[in-house]
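A.B. asks: Top line first, the protein sequences correspond to chains D and R. Each position in the first sequence, counted from 1, maps to that position plus 1 in the working numbering. Each position in the second sequence, counted from 1, maps to that position plus 83 in the working numbering.
Source of the hints: derived by calculation from the structure; they are not laboratory data. For glycine and all other residues, C-beta sits at the position ideal for the given N, C-alpha and C. A couple of the hints might just be wrong.
[Unchecked claim] Simulated coverage check for chain D against chain R, where a stretch passes if three residues somewhere in it have a Cβ under 8 Å from a Cβ of chain R:
hint : stretch
1    : 51–60
2    : 75–81
3    : 90–96
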Amino acid sequence: MGALQVELHNTTPMRLSAAFDCSPGEVVALVGPSGSGKTSLLRAVAGLLQTKSLRGRIIVGDCIWFDSEKRIDLSPQQRHAGFVFQHYALFPHLAAMENALIAAGTSAARSRLPELFERLGLQGLERRRPTELSGGQQQRVALARALAREPKVLLLDEPFSAVDAPARQALYREVAALRQSLATPIVLVTHDLGEARRLADRVVILDAGETLQTGTPARVFASPRNARVAELVGIQNHFRGQFHKQEPGWARLDWGDRAVGLRVLDKNRIEDGAAVTWVVAGERIDLLPDGAGEQNLLRCRIEELLSLGETSLCALQPELLPGERVTLTLASGQLRALGVVAGSWLRLAIPPEAVHIMPQKEGATAPPSQAM
Amino acid sequence: MDWQAARVSLLLAVLTALLLLPLGLALARWLAFSTWRGKPLAEAALMLPLLLPPTVIGFYLLIAFGQGSPVGGWLARQLDLRLVFSFEGLLFASVLINLPFMTQPIQRAFAAIPNSLREAAWVSGLGRWRTFTRIELPLAWPGLLAGVALTAAHTLGEFGVVLMVGGSIPGQTRTLSIAIYDRVQAFDMAGAQTMALLLVATSLVAVALVFAADRRRPLQER
Chain D
2 MGALQVELHN
12 TTPMRLSAAF
22 DCSPGEVVAL
32 VGPSGSGKTS
42 LLRAVAGLLQ
52 TKSLRGRIIV
62 GDCIWFDSEK
72 RIDLSPQQRH
82 AGFVFQHYAL
92 FPHLAAMENA
102 LIAAGTSAAR
112 SRLPELFERL
122 GLQGLERRRP
132 TELSGGQQQR
142 VALARALARE
152 PKVLLLDEPF
162 SAVDAPARQA
172 LYREVAALRQ
182 SLATPIVLVT
192 HDLGEARRLA
202 DRVVILDAGE
212 TLQTGTPARV
222 FASPRNARVA
232 ELVGIQNHFR
242 GQFHKQEPGW
252 ARLDWGDRAV
262 GLRVLDKNRI
272 EDGAAVTWVV
282 AGERIDLLPD
292 GAGEQNLLRC
302 RIEELLSLGE
312 TSLCALQPEL
322 LPGERVTLTL
332 ASGQLRALGV
342 VAGSWLRLAI
352 PPEAVHIMPQ
362 KEGATAPPSQ
372 AM
Chain R
84 MDWQAARVSL
94 LLAVLTALLL
104 LPLGLALARW
114 LAFSTWRGKP
124 LAEAALMLPL
134 LLPPTVIGFY
144 LLIAFGQGSP
154 VGGWLARQLD
164 LRLVFSFEGL
174 LFASVLINLP
184 FMTQPIQRAF
194 AAIPNSLREA
204 AWVSGLGRWR
214 TFTRIELPLA
224 WPGLLAGVAL
234 TAAHTLGEFG
244 VVLMVGGSIP
254 GQTRTLSIAI
264 YDRVQAFDMA
274 GAQTMALLLV
284 ATSLVAVALV
294 FAADRRRPLQ
304 ER
């Protein structure tokens, strides 16, 4: 089995400028808001995006599925992709097993179907029509049909959006198990970041048809490449500021109207005096009792405190920056230990290495300085 | 009861439906999936037989295929085929005016198939022909049945066009509807009554069959 390599450009009807790859056994999630082109990209890989203006390459192992320069464009039938549609797209007039049989091209594939049905928890349901199955069961049949094809690439288009929460949990485990046994690249389209974080080895962030960033979920969430990525991956604490170099390895980040200067690391990637967007990972921020003193300490007032059981959602307002708001999810026990309630004051300690700084794109729609 | 007329009517209905089914199927499928810009015009032309008085259609068929016309003259000389005042001519006219009755239900049935089902068939490795036979045709089946039933029922009841291009030649072009008219003209109300009842019953059964077939499908497929 070979890796999937995709590099596509398109103008109409959907603008695309995207590149990503996926190794055998790897799960890559295409993530973006609706209209970001993630489904179009997936359809293009399957050969279902019918547009003459598509340029680029789709390569699986040593097989070229699409190459606009070499004028190669395999039909969906020739591509051998397993595709799971968002709303299953099962053939309503065929029983569950017949739905899978239709995609099994070889007798070997046909003989493996009973085992596949058993593995997907579909035994006993072979003769049921799709309308006689629950949403989760229908999705498993759709998965069985895609696997019956003996695909070289498995493509999943929002596969869990139409099933209820308990069925979704079971399907997550199914996909996790699948990648153990399946040596094919798996590409998953989702708008749900939690889902992407949970299932994918790497995420590809898409916006307006363009790949903005690719990487492991942890890396993309901790170090978004720019303000738009930070916004798309739902990082709440992103702010604007100005970056000033100081002694080697260190810089001062002016937050707001220079009322607060944070001491941060200088990784030599940002120019002196540049306007920047910065994010801070909430889990690395410390709370101290009011009165403590150290660098990067901010006196804050708890503006809002929402208890969610073990954790609490906290909105903090820095004393010197009344327009800004830091949102944190904190352990309820820690808050109890500090004896804080809504309206009380405390100190926020931001370690220099927890701050990730990005250039503010010229003319780009930068997020408002205040998160949420 | 004019059994000769009943035989002509039945033969005409069956042959019209049989000839029109492949033609209507091809046309309906193309109309359902085509993105051609001239499609609305083609659809409008197809609906004309429903809108125009049958006499107008009959009139133009007479003009186009009468022996005085170039086409009618050529057909008579080369193929010994007369398309007016003959059963063949009646069949030809019947196929033409029944086009909307056959294509409309079939086109709607094809258009109701979600595009994702056809795409699912393609990515499952089914070619265009197998997608048509294994997926589209079974799903559009009630539409086909409706087209055939409506065409047959409508052919049995057609009067104006038959009179214009067929006349009333016994055993050739005199259908039940013409025979009823002739009986009424001759003040034979009882004779007209039997035949009229037969037509009512046949049409009712044909259309009821269509609705019954539609009911048998599960709700989600409708």
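A.B. asks: Does each hint fit the structure? Answer for all of them.
C.D. replies: Tested hints:
no., hint, result
1, 51–60, "violated (count 0)"
2, 75–81, "holds (count 5)"
3, 90–96, "holds (count 5)"
Comparing the model with each numbered hint stated earlier shows that hint 1 is the single one that does not hold.
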